[in-house]
Structure formats: C-alpha cells, structure tokens
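> Using the sequences provided together with the hints, build the complete structure.
Those protein sequence lines, which keep their order, are chains A and B.
Read in order, the letters of the first sequence correspond to residues 1376 to 2040 in our numbering.
Read in order, the letters of the second sequence correspond to residues 33 to 153 in our numbering.
Don't read these hints as lab results, they were simulated from the structure.
Any given hint might turn out to be false.
[Claimed, not checked] The list that follows gives simulated cross-link-like pairs (lysine to any residue, SDA-like), each with its CA atoms no further than 20 Å apart: (1) B/Lys122 to A/Asp1970; (2) A/Lys1824 to B/Tyr145; (3) B/Lys122 to A/Ala1966; (4) B/Lys141 to A/Pro2011; (5) A/Lys1657 to A/Ser1805; (6) B/Lys94 to A/Pro1715; (7) B/Lys146 to A/Glu1836; (8) B/Lys122 to A/Asn1974; (9) A/Lys1860 to B/Gln153; (10) A/Lys1472 to A/Lys1606; (11) B/Lys100 to A/Glu1836; (12) B/Lys94 to A/Thr1741; (13) B/Lys68 to A/Ser1979; (14) B/Lys126 to A/Arg1969; (15) A/Lys1860 to B/Asn152.
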Amino acid sequence: MSPKDESPKANRRQFLGGVIAAGAATASAITPRISNAADAPAAGEHNHAEHERAPAALPPNGQTIAAETMAPPPLPRLGGRAGSDFMVDVIKTLGIKYLPANCASSFRAIHESLINYGGNTMPEYVSCMHEESAAGMAHGYFKATGKPLITLCHGTVGLMHATMGVYNAFCDHVPMIIMGGNDADAATRPPGVPTIHSAQDINAIVREFTKWDDTPTSLQHFAQSFVRGYKIAMTPPYGPVAISLDAGLQQEPIKPHHAGEALYIPKYVPTSPPQGDSGAVKEAARILVDANNPVIVADRAARTPAAIGLLVELAELLQARVVDLGNRMNFPNTHYLTSPPGVTNAADAILGLEMTDFWATINAYTDNGQHGIGENNRKARPDVRLISIGAATVPTRANYQQFQRFQYVDVDMAADAEATLPALIEAVKSALNSARKDAIVKRGEAARKAYAEYMARTRQEAALAWDASPISTARLCMETYAQIKHMDWSLVASEGNVSNWPQRLWAMEKHHHSLGRSGGYGVGYGAPASVGGALGNRDLGRFSVSIQSDGDLMFAPGVLWTAAKHKIPLLSVMHNNRAYHQEVMHVQRLANFRDRPSNNGGDSGPIGTSIMNPDIEYHELAKSMGWWAKGPIKDPAQLAPALKEAIEVVKSGHPALLNVWTQPR
Amino acid sequence: MTKLTQIILRSALGSMLLAGGAALLCNPAFAQSAEKGREAFARNGCWQCHGYQGQGGAAGLKLAPDPKPLVYFEAFIRNSNGPMPPYSEKILPKQDLADIHAYLSSIAKTPDYKTIPLLNQ
Chain A
1376 MSPKDESPKA NRRQFLGGVI AAGAATASAI TPRISNAADA PAAGEHNHAE
1426 HERAPAALPP NGQTIAAETM APPPLPRLGG RAGSDFMVDV IKTLGIKYLP
1476 ANCASSFRAI HESLINYGGN TMPEYVSCMH EESAAGMAHG YFKATGKPLI
1526 TLCHGTVGLM HATMGVYNAF CDHVPMIIMG GNDADAATRP PGVPTIHSAQ
1576 DINAIVREFT KWDDTPTSLQ HFAQSFVRGY KIAMTPPYGP VAISLDAGLQ
1626 QEPIKPHHAG EALYIPKYVP TSPPQGDSGA VKEAARILVD ANNPVIVADR
1676 AARTPAAIGL LVELAELLQA RVVDLGNRMN FPNTHYLTSP PGVTNAADAI
1726 LGLEMTDFWA TINAYTDNGQ HGIGENNRKA RPDVRLISIG AATVPTRANY
1776 QQFQRFQYVD VDMAADAEAT LPALIEAVKS ALNSARKDAI VKRGEAARKA
1826 YAEYMARTRQ EAALAWDASP ISTARLCMET YAQIKHMDWS LVASEGNVSN
1876 WPQRLWAMEK HHHSLGRSGG YGVGYGAPAS VGGALGNRDL GRFSVSIQSD
1926 GDLMFAPGVL WTAAKHKIPL LSVMHNNRAY HQEVMHVQRL ANFRDRPSNN
1976 GGDSGPIGTS IMNPDIEYHE LAKSMGWWAK GPIKDPAQLA PALKEAIEVV
2026 KSGHPALLNV WTQPR
Chain B
33 MTKLTQIILR SALGSMLLAG GAALLCNPAF AQSAEKGREA FARNGCWQCH
83 GYQGQGGAAG LKLAPDPKPL VYFEAFIRNS NGPMPPYSEK ILPKQDLADI
133 HAYLSSIAKT PDYKTIPLLN Q
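The following block contains the structure:
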C-alpha cells in the first residue's frame, strides 16, 4: 500500500491517467471517431454501434496513422527521484552481492533501479527461471560464504513458486531476504492478471516458515524494515524473512518523511547470538566429565568455520567420540574421534549440538510393524544423561512439524551451540581432576583403535561391486574425489542417496568441504543450491563439485541455464539411478504387507517411482543450456577420463556435467 | 546370535521354515540357477536396496559375496521384522528365492581394498 499524500505533482496513478488522457487528446486532434468512441453509453443504455457490422477491411484509424507516421507527443514524467532508487540505496548499505530472481511486473520499478540506478552491482541481478531455483541458490550461496542474498518474487504466483525453497531455508536455519512485489490498492491497480497476482496479506503465504515479515507503507518504513529484516535473518538461529514491496511505493517519487524530515538509512549492527546460561553450562560440564563414555552428536553445530576448532578442543578434552550428522561440516572426519551413529547406543552421556531430532538419536523407528505401522524402540542406555544446546527451538512454529518428536533431556539450553562452546570448554577444564584425566586418556586410546577399524571396514565396503555396471556409488564418489582432492574443493550438494561415501571417505576437514543437506527434504534442492554454492565459491577461488541426482535435477532444470549464463564453474557428477529410490520401497513395503505383488508396469520399480522408458539424456539437456556435458557413462573405466575432461572445463570458468548411470544407492 | 536368529530358532514357524529350507535345498524341483537368479533378483526389485550385485548400501544390507546359508536366507525374507518388509511366497515364489540365492552365491569375492589404489590412500 502506498501513502496517499496530496503533495506530489504526479504519482503512479496520475501518471497512468495522464498517459491515457494524452493519447486521447492526440487521437481527437486527428479523428473525431476516437472521441466518439470514447463517449461510452451510461450504465443501462444500449450502444447500438456495437451491433453495426464492420466492413471486412477497415481503413487505418487515427490512432494507427498517428503511431505509424507522427512523432509521439512528450509524455509526462515522474517528478523527482524514484522511490525504488532509495530502496536500492538501502540495500547497498548491507553489502549483499547477488540477487537471484525471475523477472516480473510487480517489482519492475526496483528491477529498473537495481540495474540502471544501482549499476547492477551489490547486488548483481542473477537471471533465474524459477523462484524456487532463486531461493535454492540463495540457500547454497549462504552456506558457502556465510553471506545472505536477496531474492525478488512476483506477487502471489512468484512467492508460491518460491515456497519450497523458503521452507528448506527455514528448516536448515539459513538466512535470506525474500522481497515480494504486490499491488495492494484494489481501486487503482491494473485489472486482470496483476489483480490476480495481488493479495491483501501476501506475506501470509510464507509466514509460517519465515522468522519475520513486514509490509512497509512508506519508504522510511522500507528502510527500517529492510535493516531490521537483515538483522533478524542474521541473528542465530538464522532464517529467512519476507518483505512485501508495494508496486506503488516502488514507482512513486521520493517524498519527505514526516513533517519534512529527510529519509535516512538505519545503521546495521549485528546482534550477539544467545549463549547458554552459566549454571546450565556448569552442570553440563559436570555430567560430561563424570561420564565414562560421553558422546557428542553435532547436527548444525558449526554455524561458522570457527566452530570446528572449538568442537575438536572439547572432544579432545573429554576424549569423547563425535557423531557428525552432516547438515554442516562440524568435525573433521580424519580425526580419530569421528564415529558412526551407533556409538550413541553405549553412551552414558550425550551432548547434542543444534539437533533437529534428539529423539531419533536415542530411539529407533522401524517402518515394519504390524499392519504396516512403524515400531518405536529405544536404542540408548536407559540411564543415559542428555544435554542439549541449540537455538533451533526459538523460531518454532505451531503448524509445521520440523521440531520433531518431544524428547526429555536433563540439561536443555535454548542457546547457540557455537557461541556456548567456549564457556563449556572452560567449564570442562575446571571440572577435570587427575583421576578423571587418566580414564580419559585410556578412552582416547580405545577411540583410536575403533577409528582405525571403522575406516578399514568402510574401505572394504567401498570395494564391493567396485567394477560393477551401472557404476557403484562408492566408485562414483572415489573416482570423483581422486580428481579434485589436490584442489581447494567444496562439495556443494549431494542429493540423492550415495550411501554417504563422501562423508565417510573424502577427507573433510574444512567447513566448506561439505555444505550439507536441504533442511526440509523437498526434492529439488540439490541443483539450485549447487549453483548458488558454486557462485559463492567462484568468488572465493574454490572448486565446486556436486553429486547431482536425477529426480532432483528434473524439478527445475532451468537453473542449469542460469549457471551457464552467469559463468558459474561447477562440476556436476550425476548419480543417475533412474528412479525415485527413496519412494520405491515405500510402495513395495505396502504391497508386501498387503500380500500382493507390486505392479511395476514394465519398469524396474513400482509404477510411479521409475524415471526410465524413456531414459532422460541429462547430458543433452545440459548441453542445450550451455553446459559442457558427457554421457551416459556406464562403464567405470570411462569415469576417470571423463572427469579429467570435465574438470578442465570447470577450471576454465564454466559448468560441466557428467551423466553417470549408477547403482541405486 | 542375532535377534533374527533368536526369533527363528525359538519360534515354531522357524522350525517349520528350517525344515522347509532343508526341503528347498534337497528338492530337485528347486534346482537353483544363478542365471535365472540374476534375472529374478532384478525382476523382484531386490537390487533397489541391495544393489545389482547384492553389495548393499545405505538402504539395504550386503548380501554378496558370501551370502548367508539358504535356510537363514529364506527365513529372513519370509519373516523380516527389520526395515525390510517380509516377502511371502505369493510375492517371491520359492523358485525365485532359490535362484536368487544361487545368483548371490555365484558373485566373486571382493578384492582386498588395499589392492584398489583409490581406496588405499
């Protein structure tokens, strides 16, 4: 909604009215027919002219003659600076580098200001072919760089397209600013499509999975909302925010704020993350030091690279084994305290850091109960003490269930884990005594032995079906790793299930070595997040690689064009198993419970789960959008040479895709 | 002893299955064919969780090389109470099951990972 101030010489509505009046005046000077035609009958009167049959070929009317032969008359212009120019000034104060978006009329004013007034830099417009792709790119970019992006969405339809990407960001605690164009004034907005694309409370579309939203009604309000939104998004736990941009507010000229007060841009000062209460930290340290077998489980603990060092320090102090759940690169997998999830079963104390699902850490759910209803079983010791440090409970909403099942814990801190770790480390140091230190040293020796055995076992598992065709997921991942490991690489996404081979066998020691998963588990995250992550990594001089699944790519493959258009170097190695394998067994399971053979309809999996017959030529799809691509590769011996070729292309600054036929998992 | 083994050995059904498994092994009607087993392994969707060579992965256990004995194999398939649903004879006929076991038994031993340069680093 825009303010209805009487002072401006021309506003958007008057401007449009002026254009119509000017056109009518021009036409009337040439032919009276237009003027007559403009004499519309009053309501209830019948216009007999409508029923007169026109001749088959009409002579050009005055409007056509004028358009084809005469110079157009000067149109009235908006007076003063455009409001959207000021919006760009506000955005530029926050150092936001890119703006991925799909173009649209509801934000045409700020679009024009961004590229012409703002010089298309800070932020630079990144052309996207779907709003979900734009949101996914912002998601991946943040996890590569730690910097949030903005995206613009067109009215109802654009924001609806973006929702899955926004939900992923909400679940994955990733900040982004979603600005939605909207034309709220029902009396003056254009009829037809623009009205269908407007809503009286457009942010309601994403309100349940954003941290905050606002609908500014003045430019000063926008300035405050944008800085406030950025601040809220960037305060842990991070998350997306939404700001509605009224079309009129964007297009109208800048006016003084209250009583002649000049517009100003508020200063952004970062907010400190919430830290655990000192008493709770002390109690947690006591439990961990007294435990005989403490285990640390890290989910989104490493909000920044600094957390990795802190987690290593804490784990070594306690000689506690660490389970990294993989939503961030929390702990080096080359460290001897790295452990598989099963170690929690014998733990007598578990420290959970930024956990999404603490219940599932100590319990198991098996989807094989009577009548097809799953069974719950506790897998942890009954006397295990549980400590939770996590800010994720703060932005919880009632509707969406990302908070998971309720789990009682002994010490629960609604605090940022990374911000709390220094205090916890100090508290553990204070609680340690010499008797405990001896036991802790022995624990470390056992952990080293267990780690060596675990790695040998994992490598032997990787050797299974090593020469198989289609190519095993272990071979796919290790051939890829062999070609990139000497560079500063970053696994920007690994969608689809490749049995976690990168997390198990690639040497992951840096935060950007693995950017983690989607958060909301909506299929379609991998491709845009990879391109967004690769955009961030490009500017930081890193080599980006993605394990790209087939089903994920087909949700919005237009993002491939975006990568080519903006010269975003990315090695996309496809895990093409030609099915939605996550779903195959769900249908099979129900068929078995009901004792009837599954109908595969001539494919290899139950009807509705296969992506075959015809097989999708992903390499041709990528080529059509400007990528270097090769495939389908089915022979494992052909993988290394193809990877070498593709890597040279990526090193030259372009994206490359290998379509590899793989084993299911 | 695994949980499944305990269940099999304690239950009357288990005893019947053990007998049935022995019968399966001895009955010439169920002569096993590795080649037919490979086809049945694909047709019945076993590969979807266990991989085309029974190597296993995140979704399913390793089945080959060195599969469990046929008696155990059949008991597991018919009575699984883990993540894998049970397969009745109507869904997976006895002949298919026997052939699949033959196929899995035919899969060559996996080389020591130390002989694979990409895994020995």
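> Among the hints numbered above, which are violated by the structure, and what are their numbers in rising order?
none
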